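Protein chains: 2
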Amino acid sequence: MLTKSIPLTFAVVACAALMAAGSVMAQGQEPIRPIQAAKVTAPAKVELGKKLFFDPRLSKSGSISCNSCHNLSMGGSDNLKTSIGDKWQKGPINSPTVLNSSGNIAQFWDGRAKDLKEQAGGPIANPGEMAFTHELAVDMLRSIPQYVSEFKKVFGNDKLTIDEVTAAIAAFEETLVTPNSRFDKWLKGDHKALKSQELAGYKLFKASGCVGCHNGPNLGGNSYQKMGVVEAFKTTNTAEGRSAITGKDADRFNFKVPTLRNVELTYPYFHDGSANTLGEAVDTMGRLQLGRKFTDTENTEIVAFLKTLTGDQPKLTLPALPPSSDKTKRPHPFE
Amino acid sequence: MLTKSIPLTFAVVACAALMAAGSVMAQGQEPIRPIQAAKVTAPAKVELGKKLFFDPRLSKSGSISCNSCHNLSMGGSDNLKTSIGDKWQKGPINSPTVLNSSGNIAQFWDGRAKDLKEQAGGPIANPGEMAFTHELAVDMLRSIPQYVSEFKKVFGNDKLTIDEVTAAIAAFEETLVTPNSRFDKWLKGDHKALKSQELAGYKLFKASGCVGCHNGPNLGGNSYQKMGVVEAFKTTNTAEGRSAITGKDADRFNFKVPTLRNVELTYPYFHDGSANTLGEAVDTMGRLQLGRKFTDTENTEIVAFLKTLTGDQPKLTLPALPPSSDKTKRPHPFE
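As given, the protein sequences belong to chains A and B, one line each in that order.
Using my numbering, the letters of the first sequence correspond one by one to residues 1 to 335.
Using my numbering, the letters of the second sequence correspond one by one to residues 1 to 335.
Simulated from the structure, these hints should not be mistaken for lab results.
Check the hints yourself; a few may be wrong.
Cβ-to-Cβ under 7 Å is the rule here; a few derived chain B residues that face chain A [stated by the list, open to error]:
| # | residue |
| --- | --- |
| 1 | Leu72 |
| 2 | Lys87 |
| 3 | Asn276 |
| 4 | Leu321 |
| 5 | Pro323 |
The model shown is predicted, which means the values in this text are computed figures rather than measured ones.
Backbone N, C-alpha and C define an ideal beta-carbon position, used for all residues, glycine too.
Here chain A stands alone, though its shape is the one from the complex (with noise of 0.2 Å):
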């Protein structure tokens, strides 16, 4: 069950990364692997799933886009607490990074939607977050002749539905991978890219357990685990996490243990937002979910582990985005 739903561009590129990693005798049997950078294969959809990412009139105020929350001048996150919605509105959870969501099982902290595409639909109409709805948003797009234009040659319709444009987004998403971290590179055989305190930091990760949940090319997004597992998770925040999904009370308090590629640039931690530091997180992690209070020496090696997790940030153009018709309906953010 952990292994469905990862999208194929990601097993492709995971796949590829171990038979990279199968050639490096030193680092061959390390629990993570190096990422790649996403090839793109449909550079239209792509731009077009670009410029929908950035464009605010998917909301309801004509303010809010997928980029808002999911910043990626800013690790793909929007470094809050949690996120702000239409009209200033109080967002439920953190905002999780959308930098290699792509190899995530599902996504959201619960895994309710199984991927990118089923996301993507999600926030548009969360009357909490963009607020809108899917007519409302096509509509907008079908009011919009370049829009109307580039969506007939990415999908050869006219037709310009919902499932087009999260299709676009989603296509988007996927090229938001982050290769070449310093991690990365020592993963492949460069010794000299990590100092000997991010190495005993990555030693310490594999052998106090952090590992046993965060592995995998993303190291982590690839399971469902208990938040509060030693000591219980003291927060004032409701989400029960995966039982809300499953309706199974053994799955309360679940959530999709977070990737920590790019950790350094995603605080604060947790799905209520709750460590402001990297320091704070694992101290938090090593007491409640693995009964062990690391020493001060032990957290600085491990954070200056994570911190070698940060990798090459998309480089992108901000998209021109193309300007309503006289037909478009204005938002009105303030009724």
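Based on the hints, put chain B in the right spot on chain A.
Frame of chain A; chain B shown alone:
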């Protein structure tokens, strides 16, 4: 008075444009001059300014950046009637485009900032906009090692002041010039660049008097004029314009004439954002400023001309923002 404060960069560009235009006989006498791409003389400063322009940590909530209201994917504006400020406050006035703004006589609708540098400090500290303070903004930047190092590199000192922050933002904004509009190509002698309807629109634009205020390289931006000359402008917006600065009753409802460059992208129009379409704006301007009711054909022609003013939008690589450090104060947008 009207020519003071035009930044050197733009003046140089304008001079170059004048010289270029001078060599073209046909368009040599036109009251509008082509613009040319900004020459970047201090790339590190511009790059730093770009980061700051995109950094929402310059706001109290950690969610509003310069780019929120001057979105470079949307003609340097937010395409809203008035902008959304901290805690979803309703802005008092339509957000003017940042594109080509270095060519304006002064900044803001009422010209209360003499240049882009002075402007940049305004929204950061405005309680209704980014709602931060200059002191907190500087504290935030000083807590981030990569920013500290970039400021030092650019300004050659360890001070990191708000003065340097706004200077860097202004340096970036000075690069946001949009050359190569079809109209510019026509001005430079490419007779095929405009269709006959567009050319008819331009002739009417001149003959009917629009050009009296919308002239120079920016087709505006170089004078203050009364909104509602022949007929009063009806609005619920309380902005009084230039008189708020000069204290002179004669300056009531005098606003800086907006540039018409990229006007297709910068809807809605007027300081109150009350005109949703170019057709509506042209009709209102004709009646209120010129005492003339344009026929449908005339209106269509002028609108067709205005759409030839869309230039090359800035080709920008989205910046990767330096991550906060453990010492960086976290924003609390809901407190």
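Q) Regarding the hint that leucine 321 (chain B) lies at the interface with chain A, is the smallest CB-CB distance below 7 Å? A) holds (5 Å)
Q: With a cut-off of 7 Å on the beta carbons, see whether proline 323 (chain B) makes it to chain A.
A: holds (5 Å)
Q: Under 7 Å, Cβ to Cβ, is where asparagine 276 (chain B) needs to be relative to chain A, so tell me if that hint holds or is violated.
A: Status holds, d = 5 Å.
Q. Quick one, is the lysine 87 (chain B) hint okay against chain A at 7 Å, beta carbons?
A. holds (5 Å)
Q: Report holds or violated for the interface hint on leucine 72 (chain B), using the least CB-CB distance to chain A and a cut-off of 7 Å.
A: This interface hint holds because 6 Å falls under the 7 Å limit.
When each numbered hint is compared with the structure, no violation occurs for any of them.
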